[in-house]
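Q: Sequence:
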Amino acid sequence: MMAAGDHDAPGVDGETGHHQHTSTPPGTAVTGGAVSRAGRNLPAAIAVGLGLGALLLAALLFWRHLFVAIVAVAVAVSTIELHRTLGRAAGVRLALAPLLAGGQAMIWLSWPFGTVGVLAAFAMTVVACLLWRFRGGADGYLRDTSASVFVAAYVPLFASFAALLVLSPDGAARTLAFLLAVVCSDTGGYVAGVLFGRHPMAPSISPKKSWEGFAGSLLAGLAAGVGSFVFLLDGSWWQGAVFGVALVVTATTGDLIESLVKRDVGVKDMGSLLPGHGGIMDRMDSLLPSAVVSWLLLTVFLPLA
Numbered sequence: 000m001m002a003a004g005d006h007d008a009p010g011v012d013g014e015t016g017h018h019q020h021t022s023t024p025p026g027t028a029v030t031g032g033a034v035s036r037a038g039r040n041l042p043a044a045i046a047v048g049l050g051l052g053a054l055l056l057a058a059l060l061f062w063r064h065l066f067v068a069i070v071a072v073a074v075a076v077s078t079i080e081l082h083r084t085l086g087r088a089a090g091v092r093l094a095l096a097p098l099l100a101g102g103q104a105m106i107w108l109s110w111p112f113g114t115v116g117v118l119a120a121f122a123m124t125v126v127a128c129l130l131w132r133f134r135g136g137a138d139g140y141l142r143d144t145s146a147s148v149f150v151a152a153y154v155p156l157f158a159s160f161a162a163l164l165v166l167s168p169d170g171a172a173r174t175l176a177f178l179l180a181v182v183c184s185d186t187g188g189y190v191a192g193v194l195f196g197r198h199p200m201a202p203s204i205s206p207k208k209s210w211e212g213f214a215g216s217l218l219a220g221l222a223a224g225v226g227s228f229v230f231l232l233d234g235s236w237w238q239g240a241v242f243g244v245a246l247v248v249t250a251t252t253g254d255l256i257e258s259l260v261k262r263d264v265g266v267k268d269m270g271s272l273l274p275g276h277g278g279i280m281d282r283m284d285s286l287l288p289s290a291v292v293s294w295l296l297l298t299v300f301l302p303l304a
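Residues in the sequence shown are numbered consecutively from 0, following numbering that gives the first Met the number 0.
Note that these hints are calculated values from the structure, not bench results. None of the values given here were measured: they were computed from a predicted structure. Treat the hints loosely; a few may be bogus.
Simulated restraints on C-beta separations [to be verified]: (1) A304 <-> D138: 53 to 61 angstroms; (2) F195 <-> G265: 24 to 32 angstroms; (3) F230 <-> D138: 52 to 60 angstroms.
Backbone N, C-alpha and C define an ideal beta-carbon position, used for all residues, glycine too.
Whenever a hint applies, use it, and build me the whole structure from the sequences.
A: Here is the structure:
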């Protein structure tokens, strides 16, 4: 599964369709110019994406609590990737131990305690990060603690809303609607961006993003949202339309946020664990804010008894 909002084929310029060439390895510094997604192994990327999709689908269909464990593992790996990348490229010292422990607490406390458990774990994680950094002295304290709080919010806190989705009585259907909207947004944007992309959407952030690709994301996300609400959730078509459009916006925004972070510290990828994709965090970027909005909209549109 490719990240939503990543509208361009690996190794292809989404605006012109021409192949780009670079030898920059994942996670290494880039010293100028636009960061390109060139050099991707497209067959490997497709195979990895299908494998991840099959794993998530199997968890939802046969034992949805396994989905919580998958989210927890993804959160831990993403946190480690950010710790290594920010430390190596920008000299930022994240409070790794509190982030790992607190991140797991946010995910797993969602199971018995819901939002109260998640927010309590997040607050304690922030406090622990502020205290953990004491041993490093005053030099860079604000920079490091700010980055740690950002990571605590952006990765485990946002991801915990995916766990909250799946733990509801109809959690498999709710989570599947969330994933379908994000994946369809990505697929529609990918096809439209490669075939028709001409007008850059945010050239200073992600030069390959095009308005044509975004339009493709909107059409595909809209269809996925309406279909999910009508056939999976017994909701109204207009609720599905709002849901689909909202997730296209959040998925694209999440991708752009990570692009800004990577551009700021000068790296191409957050890791290299997934062939053809980069790191786990490179696949989480669009899902994280979309999980929050999915939970909010589904709670409003289809409240539980």
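Q: Indicate whether the distance between the beta carbons of A304 and D138 respects the range 53 to 61 angstroms.
A: 54 angstroms Cβ-Cβ, so the 53 to 61 angstroms window holds.
Q: Between F230 and D138, is the Cβ distance one that fits in 52 to 60 angstroms?
A: Roughly 57 angstroms apart at Cβ, these two residues keep to the hinted range, so it holds.
Q: Does the Cβ distance between F195 and G265 fall inside 24 to 32 angstroms?
A: Since the Cβ atoms of F195 and G265 sit about 31 angstroms apart, the hinted range of 24 to 32 angstroms holds.
Figure legend: structure checked against the earlier numbered hints; every hint is met.
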